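Undergrad: Chains as they are written, first to last, in the working numbering: chain A, 1 to 649; chain B, 1 to 334; chain C, 1 to 262.
There could be a bad hint or two in this list.
For lysine to any residue, the following SDA-like pairs were computed, each having C-alpha atoms within a straight-line distance of at most 20 Å [said to hold, decoys possible]:
hint: 1; chain 1: C; residue 1: 154; chain 2: C; residue 2: 134
hint: 2; chain 1: B; residue 1: 194; chain 2: C; residue 2: 153
hint: 3; chain 1: A; residue 1: 550; chain 2: A; residue 2: 363
hint: 4; chain 1: A; residue 1: 431; chain 2: A; residue 2: 190
hint: 5; chain 1: A; residue 1: 300; chain 2: A; residue 2: 312
hint: 6; chain 1: B; residue 1: 243; chain 2: B; residue 2: 326
hint: 7; chain 1: B; residue 1: 59; chain 2: C; residue 2: 102
hint: 8; chain 1: C; residue 1: 6; chain 2: A; residue 2: 143
hint: 9; chain 1: C; residue 1: 154; chain 2: A; residue 2: 265
hint: 10; chain 1: C; residue 1: 114; chain 2: B; residue 2: 219
hint: 11; chain 1: B; residue 1: 194; chain 2: C; residue 2: 226
hint: 12; chain 1: B; residue 1: 194; chain 2: C; residue 2: 135
hint: 13; chain 1: C; residue 1: 154; chain 2: A; residue 2: 190
hint: 14; chain 1: A; residue 1: 28; chain 2: C; residue 2: 128
hint: 15; chain 1: C; residue 1: 154; chain 2: A; residue 2: 266
hint: 16; chain 1: C; residue 1: 154; chain 2: B; residue 2: 206
hint: 17; chain 1: A; residue 1: 300; chain 2: A; residue 2: 261
hint: 18; chain 1: C; residue 1: 154; chain 2: A; residue 2: 33
hint: 19; chain 1: B; residue 1: 194; chain 2: C; residue 2: 195
hint: 20; chain 1: B; residue 1: 194; chain 2: C; residue 2: 134
hint: 21; chain 1: B; residue 1: 59; chain 2: C; residue 2: 158
hint: 22; chain 1: A; residue 1: 574; chain 2: A; residue 2: 584
hint: 23; chain 1: B; residue 1: 59; chain 2: C; residue 2: 115
hint: 24; chain 1: C; residue 1: 99; chain 2: B; residue 2: 327
hint: 25; chain 1: C; residue 1: 195; chain 2: B; residue 2: 320
hint: 26; chain 1: C; residue 1: 6; chain 2: A; residue 2: 147
hint: 27; chain 1: C; residue 1: 99; chain 2: B; residue 2: 326
hint: 28; chain 1: C; residue 1: 99; chain 2: B; residue 2: 182
hint: 29; chain 1: A; residue 1: 28; chain 2: C; residue 2: 134
hint: 30; chain 1: C; residue 1: 6; chain 2: A; residue 2: 312
hint: 31; chain 1: C; residue 1: 154; chain 2: A; residue 2: 344
hint: 32; chain 1: C; residue 1: 6; chain 2: A; residue 2: 363
hint: 33; chain 1: C; residue 1: 195; chain 2: A; residue 2: 266
hint: 34; chain 1: C; residue 1: 99; chain 2: B; residue 2: 325
hint: 35; chain 1: A; residue 1: 461; chain 2: A; residue 2: 584
hint: 36; chain 1: C; residue 1: 99; chain 2: C; residue 2: 195
hint: 37; chain 1: B; residue 1: 194; chain 2: C; residue 2: 136
hint: 38; chain 1: A; residue 1: 28; chain 2: C; residue 2: 151
hint: 39; chain 1: B; residue 1: 194; chain 2: C; residue 2: 102
FYI, nobody ran anything at the bench for these hints, they're computed from the structure. Keep in mind the model is a prediction, meaning the values are calculated, not measured.
For reference, the chains in residue letters:
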Amino acid sequence: MAGELDTFPRLLLHHAQVRPDRPAIREKDLGIWQTWTWREVEGEVRALACGLAAQGFKRGMSLAIIGENRPRLYWAMAAAQSLGGIPVPIYQDAVAQEMVYVFHNADIEYALVEDQEQVDKLLEIMPQCPQLAHIYFDDPRGMRHYAQTALMSFDNLQAIGRDFDGRNPEYFADEVAKGSATDIASMFYTSGTTGSPKGVTHTHQALIAAGRAGAEMEGLDPSDEVLAYLPMAWIGQNIFSYTQSYVVGFCISCPESAETVGTDMREIGPTYYFAPPRVLEALLTQVSIRIQDLWWGGRKAYAFFMDLARRVGGKILDGRPVPLADRLLYLLGNAFMYGPLRNVLGMSRVKVAYTAGEAIGPDLFVFFRSIGINLKQLYGSTETAVFVCVQPNGQVKSDTVGPPVKGVEVKVAESGEILIRSPGLFSEYHKNPEATAEAKDAEGWFHTGDAGYFDKDRHLKIIDRAKDVGRLADGTLFAPKYLENKLKFFPYIQEAVCFGQQRDQVCAFINIDFEAVGNWAERRNQAYSGYADLGAQQSVYNLIRECVEKVNQDLAADPTLGGSQIHRFLVLHKELDPDDGEITRTRKVRRGFIAEKYAPLVDALYGGKHECFIETQVRFEDGRAGSISATLRIADAKTYPVEAAKKAA
Amino acid sequence: MLKKNWPVVALIALLVAGLVAPLATGASAVGFYVEVLLGGLMAGVLYSLVALGFVLIFKASGVFNFAQGAMVLFAALAVARMAEVMPWWLAAALAVVIMVILAWLIERLVLRPLVNQEAIALLMATLGVTYFLDGFGQTVWGSDIYEINLGIAKEPVMILDRLFQGGILVNKEDFVAAIAAAALVAGLALFFQKTPTGRALRAVADDHQAAQSIGIPLNRIWVIVWSVAGVVALVAGVIWGAKLGVQFSISQVALKALPVVILGGFTSVPGAIIGGLIIGVGEKMAEVFLGPVLVKAFDLAGGGIENWFAYMLALLFLLVRPEGLFGEKHIDRV
Amino acid sequence: MQHARKIGEPILTVEGVSLAFGGVRALQNVSFDVREHEIRAIIGPNGAGKSSMLNVINGVYHPQDGKITFAGKVRQHVDPHEAAARGIARTFQSLALFKGMSVLDNIMTGRNLKMRANLLLQALRIGPALREEIEHRAAVERIIDFLEIQAYRKTPVGRLPYGLQKRVDLARALALEPRVLLLDEPMAGMNVEEKQDMCRFILDVNDQFGTTIVLIEHDMSVVMDISDRVVVLDYGRKIADGTPDAVRNDQAVIDAYLGVSH
C-alpha cells in the first residue's frame, strides 16, 4: 500500500519529510566535507529519476552502477528504484571482460559510472553488449574528447530531469506510489568460486526486513555515523550504508579516495563500523610496526598494557566481574594507551563494529575487544541479506558467529550443511532457475553450502564450505578452509592453500605477508630483492615452519581434526591474485583452479621432492600477460600425536 | 641512535646534573633556588630575543648579521630620546617606523649590490653597518646614558611566600618583559605559520632560487625580514634599556647572543629561544652556586663566572654538536 | 595524438642567445621558437646546455648575447620573479621544494603572486585577506585533486617518496596558472608506472588548461610520444629543430647522440 514505508523510495520521502535538514550523506571533496540533507537528497534523486525517465528508462529495467562510493551513485540506486527499476552495482575493479557476462545476464541498457576509467571499460565491451545504449558519468575529468552518443554527463542528465519534472510534476510521486514491497529492489552478483557469477535478487521487503532486524538488535538511531568505504557491489556495503541508512535515517560518509580512508575515518569518527578481517589485520599490522619503532620504554609500556588488556579488557567490555586493582590499571591504560590507539584507528566513537566473511584469528579479534572496541562477529551471505547470526553484546566469543537473529531460522542438516529460512532471503538467481532450485528447496530453506554446528550456548560455529569438507584417504575429516584460516592467523602468512582430499597427508602452499615478513627480515639485517627472493630464504622457511608446527599442535588437541595436520609445505614465489583468477575479488581461494594451475608443485609435494621448478602465467595490472618462474623449496613440518589417540593408547 | 650521539647526551646529562645539584645536595634553600632560576630564565628570555633577530636574518638571507647588537642599541636610543618629548608608546611606534626605513636602506645600499658575493663579504658589510650604526646613533641621539621609563615599578616584589620559606623575590619589570617577549615570539610564530607573507618568508629561507621562480620578490622579502628583525631588536632594546639604562654596553649584549645561536642552531627559531633560556639559566646558576664551590675548591679569588660561562658552553657545543641542538646539518648543494 | 586546442603563434622566441661562464661556453647563438599550446621538447647529450637554456628563459642566468621575446615583450635581462609574474613557471631537475613545509603549504606559496591583500590585513586574517586565502585554497585543492595527491596534503614534503615530490614540484608550478611551463627533466629517476602517470598529467595540463610546455627529457620514447616539436642541442649549439620524426631521422642528431638506431 502506498502509505507504508515498505520501499526504499518511500523511506526516502519519509525522511525528507520528518528530518529534512538532518545530514543524509557526505563526501570529502577538495579537502572539505560536503553534506547533503535528506531534503536535498530527495531533490537530487528526483532530478536524476526524471532524467532517466526522460531517457526512456522503464519499470523493470536494470541500471548498472559502477564506481567508488560517491553520493551520486547512491542517488542512482534510489532513482532507479523510484521508477521501479533495479540497480545492479558492479565491482569497480572488475576487468572489462568480467562485466560482459553480467551485462548480458541482467540485460543492461543503462549504466551510471563514476569516471573515465569505468567509461573506457564499458566502451570496450559495447560491441559485445549491443543493448547497452546509455552511459552516464559523474566525474568529467578526461572526458573532453569523448564524442560517443551513448555518453552523457551526470549534470546533463539531471538538467534534463529537472526539465522533465517541471513539465510533469506528478510523475515522480506517482512512480514511487506504484512501487510495491515485493518488487525487486536490487541485484547483486556473487563472485562464485566456481562457474559464472549469479545474480542474487532481493525485494524491498527482504532487504528492509533484514536491515531492520539488525538495526533493532543494536539500537541504531539517526545520530549514528557510518563510513561508506567498501565496494558498493557487496551486499554488506549495501545493507550497512544504504539499506540501514534509509531504514534508520543515519548519515553515511564517502571518503575522498582509497588512500585517504584512514584519515577520513579519523575525521568522521563512525559509530557503526564494519571491516572484513583482512582490513582489521592490516590495521593491527600498522599499529605493530609503529610500536616496533618506539624507544625501549615505549615498547615496554605497550607490552605491559596490552597484556593487561588481553586479560581483562574483553571482560570489562562484556560487563563481567574484574578485580578492582586491574580495573583501575585498565582505566590508566585507557587514558594513555587504549584511548589514543582507538583514536589513531578512527574508532573512538564506535558503539558496535562487525566483522565477517572469513574466519578471524582469535588474537586479532581479542586485540580489538581488549582495547575497548565492541567488535562482534556475524554470519550471512549475499543470498541472506547478511544478517543470519549476530553475536549479541555480552555474548561475544572469538570462535563462533553467534545465535540466529530474530526472525531467522537456522538448522543443520544430516550432512552438516547449514540451512536458513528468513524474511531476508533472496528471491532467486536471476535467469537461473536450476541454480535457484538447487539452493532453495521446496520448503523455503536456503542451502548455504557452509558446514557447521551449534555449540553448547546455541552459538553457530562454521567449519568450512560444505563441499570442501572432505576426507583424507584414511577417512579423517579434512576441512581445508579451517586449516588455512588457522595458518592465516599468523601475521607472516597472508594466504594459504591446503591439499589433502583423498590423499594420505595434508600439504600446503603458503603466501607470505610481504610487509610483515619484510619488516622481520629488515630487523635481522637480512637483505632481499623482492617478494620471490624473500620467500625463498632459509630463515623465512624456518619462520613459516614454526607457524605450521604451532597449527599442528593446535590440531593435535582436537580429536576430530587431529589427523589432518600439515606434513609438508612450500612458499609461493608470487601472491595469489584475483586478476590471475586464483582467488575471487573477495579473496576467497579457488582451490580447484589453483590445484590445476600449480599441478607440478602439488605433485612435488606429494612426491616427496625437496624442490620444484614452476612457471606461471600472470596478468599485470595494465592487462598485459606475462610469466614468472622460480624454483621453489619444499619443506617438511613436524606433526604431533593426536590427543584422543594418545588417551586411547 | 644513542650510541652515535653519546657526546651530546653526555653534555646534556652534565648540564642537567648541574641544574639539579644545588637542590639535590641541599646546598640551597628551595626558595632561593627558585629565585635564581627565575632570574636566569628572565635574563635568558632577553638573550633569546636578540638571538631571534640573528636567526631570522640568517634563515631568510643567509647573512650573519653582525649588526644585530648595534640595531638593539640604535632602537633603544631612538625610543629613549624620543620619549623625552612624547609618551613612550608613541616613541616606540615611531621607532618601529625608523627601523623599517633602516631595513629598507640596508637592503638597498648594502645587500642588493653584494647579492652574489661570498658570505664573508656580506659579513664584513654587516660589520661595517655595525660601526656605522654605533657612530651614527651617537651622533644623532647622543652618547650619554639614557633612561627608558615604562611606568613599571622598579622595586622587586615578594611572591609565593607561603609556598617557599621567605618567599621569592621577583622583579616586576623582568616579569613584564618576559610576558612581552613571549607574546612577541607567539605573534611571530603565528605570522610565519598562518599568513601568506609568513609562508613566503619561510620559502625564501628554504630555497632562494625556487622562491624567486614562483614569483616571490627577494628584495621585498629581505626588507620585511630586516624590518621584523628590527622590531625584535627594538623590543629587546626597550626591555634592556628600561632595566639597565640605554648605554653603549647594550650592544655588547649582542655578543652574548652568539653562544645562544651556536647552542640552538643558526637556522632554528625554537633553538634561539631554548638556547637563550639555557644560557640565561646556566650563567646565573653557575655564578651563584658553582662560583663559591670553585673558589673553595681551588682557593681562587672568585667571581666573574657570568662573563665566560656562555662562551665555554658554546665552545663545548661546537666540539660536540656544531649544528646546534635544533639546527640543520650543513649540506652543500652542488 | 589529438589536440583540443590548435597550436597557435609563437609565444616564446629565443634569438641568438649565447651564455658563457668564464671560459666555458654553455650556449652559442641558439635560436628557436615555441608556439602557444604546443609541447616542445629540448633534448641533447649531457652537458649540451639544456638546463642552461631553461635557466636563461626564466631569468636565473642572464645571457651575454641575444634576446628572448615572450608574449610580445622583448627582454634580455629579467629576474626569475619577474619571469614568474609574466607567466613563466618552472620545475627543477633537482627538486627545489621547501623542505620544511607541508605539501599544501608548498603549493600555496605558488599562489603568492596572485595575492593582493596587504600585509596587515593578512596578519589579522580578516576581510578581503581571508576571502582571498579561501579562494586560493580552493584553487590549490583543485590542483591537488588534479594530481591525485589528496592523501599527502599535510605531509612534510621531505618525507615523501621521490616520485610524489616531483608531483608536488609540478603542482607548485601549476599554482601560478602559467602560460608557459618549463619542466626540467620531470621524469628523472622515475619507474615505468610513475613515468606513465607523469606523462598523463603533462598531457592533461596541456589539454585542459592549454598551457604551453617546454620540457627537457632524456627518455626518447616519452619525447616521441608526447611532444609536438623538438629542439636538439649539442655542446651549446642547436643542431636540429622539427617534429619528433624529423629529428629522429636527422643525421646530425644521430651522430651526436642517438647512436645508430633507437
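Undergrad: Hint by hint, say whether it matches the structure.
TA: The hints, checked one at a time:
1. At most 20 Å may separate the alpha-carbon atoms for a hinted pair to count; residue 154(C) and residue 134(C) meet this at roughly 17 Å.
2. Pair hint residue 194(B) plus residue 153(C) holds up; C-alpha atoms about 16 Å apart against a cutoff of 20 Å.
3. For the hint pairing residue 550(A) with residue 363(A), the CA-to-CA distance comes to about 14 Å; that is within 20 Å, so the pair holds.
4. Note on residue 431(A) and residue 190(A): the hinted pairing holds, with a Cα-Cα distance of about 14 Å set against a maximum of 20 Å.
5. Simply put, residue 300(A) and residue 312(A) have alpha-carbon atoms about 19 Å apart, close enough for the 20 Å limit, and the pair holds.
6. Our distance criterion of 20 Å between C-alpha atoms is broken by residue 243(B) and residue 326(B), whose separation comes to about 30 Å.
7. As the CA atoms of residue 59(B) and residue 102(C) are separated by approximately 18 Å, the hinted pair is consistent with the 20 Å bound.
8. For a cut-off of 20 Å, the pair hint linking residue 6(C) to residue 143(A) stands: about 18 Å separates their Cα positions.
9. For the hint pairing residue 154(C) with residue 265(A), the CA-to-CA distance comes to about 16 Å; that is within 20 Å, so the pair holds.
10. Our distance criterion of 20 Å between C-alpha atoms is met by residue 114(C) and residue 219(B), whose separation comes to about 18 Å.
11. Between the alpha carbons of residue 194(B) and residue 226(C) the distance comes to roughly 40 Å, so the proposed pair goes past 20 Å and is violated.
12. With a C-alpha separation of about 15 Å, the suggested pairing of residue 194(B) with residue 135(C) holds against the 20 Å cut-off.
13. About 39 Å separates the Cα atoms of residue 154(C) and residue 190(A), which puts this hinted pair outside 20 Å; it is violated.
14. In summary, the hint linking residue 28(A) to residue 128(C) is not supported, as the alpha carbons are separated by about 26 Å, beyond the 20 Å threshold.
15. A hinted pair counts as satisfied when its Cα atoms are at most 20 Å apart, and residue 154(C) with residue 266(A) qualifies at roughly 14 Å.
16. Restraint check for residue 154(C) and residue 206(B): satisfied, since their Cα atoms lie roughly 18 Å apart, inside the 20 Å limit.
17. Between the alpha carbons of residue 300(A) and residue 261(A) the distance comes to roughly 30 Å, so the proposed pair goes past 20 Å and is violated.
18. A distance of roughly 16 Å separates the Cα atoms of residue 154(C) and residue 33(A); the hinted pair therefore holds under the 20 Å criterion.
19. Between the alpha carbons of residue 194(B) and residue 195(C) the distance comes to roughly 35 Å, so the proposed pair goes past 20 Å and is violated.
20. Restraint check for residue 194(B) and residue 134(C): the C-alpha separation of about 13 Å stays at or below 20 Å, so the hint holds.
21. Straight-line distance between C-alpha atoms of residue 59(B) and residue 158(C) comes to about 18 Å, which keeps the hinted pair within the 20 Å bound.
22. For the proposed pair residue 574(A) and residue 584(A), the alpha carbon gap of about 16 Å is at most 20 Å, so the pair holds.
23. About 23 Å separates the Cα atoms of residue 59(B) and residue 115(C), which puts this hinted pair outside 20 Å; it is violated.
24. About 14 Å separates the Cα atoms of residue 99(C) and residue 327(B), which keeps this hinted pair within 20 Å; it holds.
25. For the hint pairing residue 195(C) with residue 320(B), the CA-to-CA distance comes to about 44 Å; that exceeds 20 Å, so the pair is violated.
26. Between residue 6(C) and residue 147(A) the CA atoms are separated by roughly 18 Å; this keeps the pair inside 20 Å, and the hint holds.
27. Only pairs whose Cα atoms come within 20 Å are accepted, and residue 99(C) paired with residue 326(B) is accepted, the gap being roughly 15 Å.
28. A distance of roughly 27 Å separates the Cα atoms of residue 99(C) and residue 182(B); the hinted pair therefore is violated under the 20 Å criterion.
29. For the given pair, residue 28(A) sits about 17 Å from residue 134(C) by alpha-carbon distance, which is consistent with the 20 Å threshold.
30. For the hint pairing residue 6(C) with residue 312(A), the CA-to-CA distance comes to about 71 Å; that exceeds 20 Å, so the pair is violated.
31. Simply put, residue 154(C) and residue 344(A) have alpha-carbon atoms about 16 Å apart, close enough for the 20 Å limit, and the pair holds.
32. Taking the CA atoms of residue 6(C) and residue 363(A), the gap is about 63 Å. The hint is violated against a cut of 20 Å.
33. Proposed proximity of residue 195(C) and residue 266(A) is contradicted: the alpha carbons are some 33 Å apart, above 20 Å.
34. Of the pairs offered as hints, the one joining residue 99(C) and residue 325(B) holds, with about 19 Å between alpha carbons and a cut-off of 20 Å not exceeded.
35. Taken as a hint, the residue 461(A) and residue 584(A) pair is broken in the structure, with Cα atoms around 23 Å apart against an allowance of 20 Å.
36. With a CA separation close to 23 Å, the supplied pair residue 99(C) and residue 195(C) exceeds the 20 Å bound.
37. For the hint linking residue 194(B) to residue 136(C), the alpha-carbon distance of about 14 Å falls within 20 Å, and the restraint holds.
38. The suggested pairing of residue 28(A) with residue 151(C) holds, with an alpha-carbon distance near 12 Å, which does not exceed 20 Å.
39. With a C-alpha separation of about 13 Å, the suggested pairing of residue 194(B) with residue 102(C) holds against the 20 Å cut-off.
Hint check: violations occur at hints 6, 11, 13, 14, 17, 19, 23, 25, 28, 30, 32, 33, 35, 36; the rest are consistent with the structure.
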